[in-house]
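Undergrad: Take the sequences, apply the hints, and build the full model.
Residue numbers (this note's numbering), protein chains in the order written: chain A, 948 to 1171; chain B, 948 to 1171.
To be clear, the hints were calculated from the coordinates, so they are not data collected in a lab. Hints are supplied without guarantee of correctness; some may be wrong.
It does not matter which identical chain is meant; a pair holds if it fits inside one copy or across any two.
As the list claims (entries may be wrong) - No more than 25 Å apart at the CA atoms, straight line, and that leaves these computed lysine to any residue pairs for SDA-like: (1) K960 <-> P1051; (2) K960 <-> G991; (3) K960 <-> A1125; (4) K960 <-> T1011; (5) K960 <-> G1030; (6) K960 <-> M948; (7) K960 <-> G1073; (8) K960 <-> E1123; (9) K960 <-> D1126; (10) K960 <-> P1084; (11) K960 <-> R1150; (12) K960 <-> A1064; (13) K960 <-> D1026; (14) K960 <-> R972.
Everything numeric in this text was worked out from a predicted model, so none of it was measured.
There are 2 protein chains.
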Amino acid sequence: MEVLVPFSTDRPKSRLSAVLTPDERTAFSRAMLRDVLDAIGEAGEEPRVLATGAVDADLPCPVTVDDRPLTDAVNAALDARLGESDTVADRVAVVMADLALATPDALRELFAAGREAEVAIAPGRGGGTNAFVAGHPEFETDYHGTSYLDHRRIADGIGASVAVVDSHRLATDVDEPADLAEVLIHAEADDGGDDGDGERAPRWLRDAGFALETTGGRVGVERE
Amino acid sequence: MEVLVPFSTDRPKSRLSAVLTPDERTAFSRAMLRDVLDAIGEAGEEPRVLATGAVDADLPCPVTVDDRPLTDAVNAALDARLGESDTVADRVAVVMADLALATPDALRELFAAGREAEVAIAPGRGGGTNAFVAGHPEFETDYHGTSYLDHRRIADGIGASVAVVDSHRLATDVDEPADLAEVLIHAEADDGGDDGDGERAPRWLRDAGFALETTGGRVGVERE
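TA: Below is the structure:
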């Protein structure tokens, strides 16, 4: 199955501007993109980056450039793949580029759900749509607002069967400073505290001086 | 399997004080508790509330009162059930009372993982431990700090096999105002926008005037 990974090359991750410079946000967003592409590949599927502009990086997969807003670009891609022929072309998946916690296992669960249902959705925290698989020719996206609820309504409206994928890893898009803690926590859990290896995004954060900080309530990050 | 549900009767949910009065926080925390107890029962297991004081509510299960801090009370309960006999008493689960999104399906996955591994953990957002199943007599808890990482280390230290349960529903404990949006989003998705039925916690929030609010970034709540 082809897995589209939308990626904004224009001022990525602006909500991290309190803790990262523009150049750092570009570098960190590319590290997350590479991790996501690798996880998709390890899950046995074929990633393709759907970028708003040329990506100045060595990527392990094809890149399609479409400078329209996210909703329009994804809908055009879905239409080209699912909408035109009588023989429905299998399935298309769309996975966000900032799912730094995504593992091959979590993605395999999404892809498997998307082979059973006509629309499989992994909701993001805060009502977003962090990943989905569509196999219905009339399904289209609307990424504004509470897109998870909108996508459920769109699927209901066209009579598509729906599966919801309940995954903390897929629900965690990295948008805000508090989300950086999530990246470090699960990297530390996965590699047993070994800083040497692991994924690019947590390594980038550690190299930039970020570490977990325990105060009252939830755990955050601090920077040296 | 017995499923302990720790519940604080003393100033519950203080981090919601910006949006709820003390009496409201008490009522809302009880609504969440009842939803969690029901979900455990529907998943086929036996809940028992482990409360810091007498619970002034009609609960569908037994209540044990232990006024010690959470870590001490849970460790005493684990020790009484797993630590004393040669024949390890099956498994004990501990599920937090503020997992308002918990469904029988999500809990079944936790319980199933806990029957396979000696320790199964559902991490919470921010590095907490929102639910676990223990079957190893030496496992003990430490809820301070990044307890998910601490519990992984404790399990490793006693040579217990570990399973991690990747669930957005179990990762979402309701502590802060932004978490209320999560309760409303998934209730609306589950009941198709029908306000009439559903779980107690989202109904309580709707009755108190809360509704989803879409501004920039993640979706929040507003109150009439």
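Undergrad: Treating 25 Å as the Cα threshold, decide for K960 and A1064: within, between, both or neither.
TA: neither (32 Å within a copy, 38 Å between copies)
Undergrad: First find the shortest C-alpha distance between K960 and A1125 inside one copy, then the shortest across copies, and answer within, between, both or neither for a cut-off of 25 Å.
TA: Intra 13 Å, inter 20 Å, cutoff 25 Å: intra and inter.
Undergrad: When Cα atoms must be at most 25 Å apart, do K960 and D1026 count as within-copy, between-copy, both, or neither?
TA: neither (28 Å within a copy, 47 Å between copies)
Undergrad: As a check of your reading, is K960 near G1030 (CA-CA no more than 25 Å) within one copy, between copies, both or neither?
TA: neither (32 Å within a copy, 49 Å between copies)
Undergrad: Please sort K960 with R1150 into within, between, both or neither, judging by C-alpha distance up to 25 Å.
TA: within (18 Å within a copy, 35 Å between copies)
Undergrad: 25 Å Cα cut-off: does K960 pair with P1084 within a copy, between copies, both or neither?
TA: Close neither inside one copy (31 Å) nor across copies (46 Å); limit 25 Å.
Undergrad: I want to check one pair: K960 and T1011. Are their C-alpha atoms no more than 25 Å apart within a copy, between two copies, both, or neither?
TA: within (20 Å within a copy, 48 Å between copies)
Undergrad: Is the C-alpha distance from K960 to G1073 at most 25 Å within one copy, between copies, in both cases, or in neither?
TA: both (16 Å within a copy, 20 Å between copies)
Undergrad: Can you tell me if K960 and G991 fall within 25 Å by alpha carbon in one copy, between copies, both or neither?
TA: neither (28 Å within a copy, 44 Å between copies)
Undergrad: At most 25 Å between CA atoms: does that hold for K960 and D1126 within a copy, between copies, both, or neither?
TA: The answer is both: 12 Å in one copy and 22 Å across copies each meet 25 Å.
Undergrad: With identical chains, the pair K960 and R972 could be close in the same copy or across copies; at 25 Å between alpha carbons, which is it: within, between, both, or neither?
TA: within (6 Å within a copy, 35 Å between copies)
Undergrad: Evaluate K960 and E1123 at a C-alpha cut-off of 25 Å and name the case that applies: within, between, both or neither.
TA: Classified as both; 8 Å inside a copy, 24 Å across copies.
When held up to the earlier numbered hints, the structure conflicts with 2, 5, 6, 10, 12, 13 and fits the remainder.
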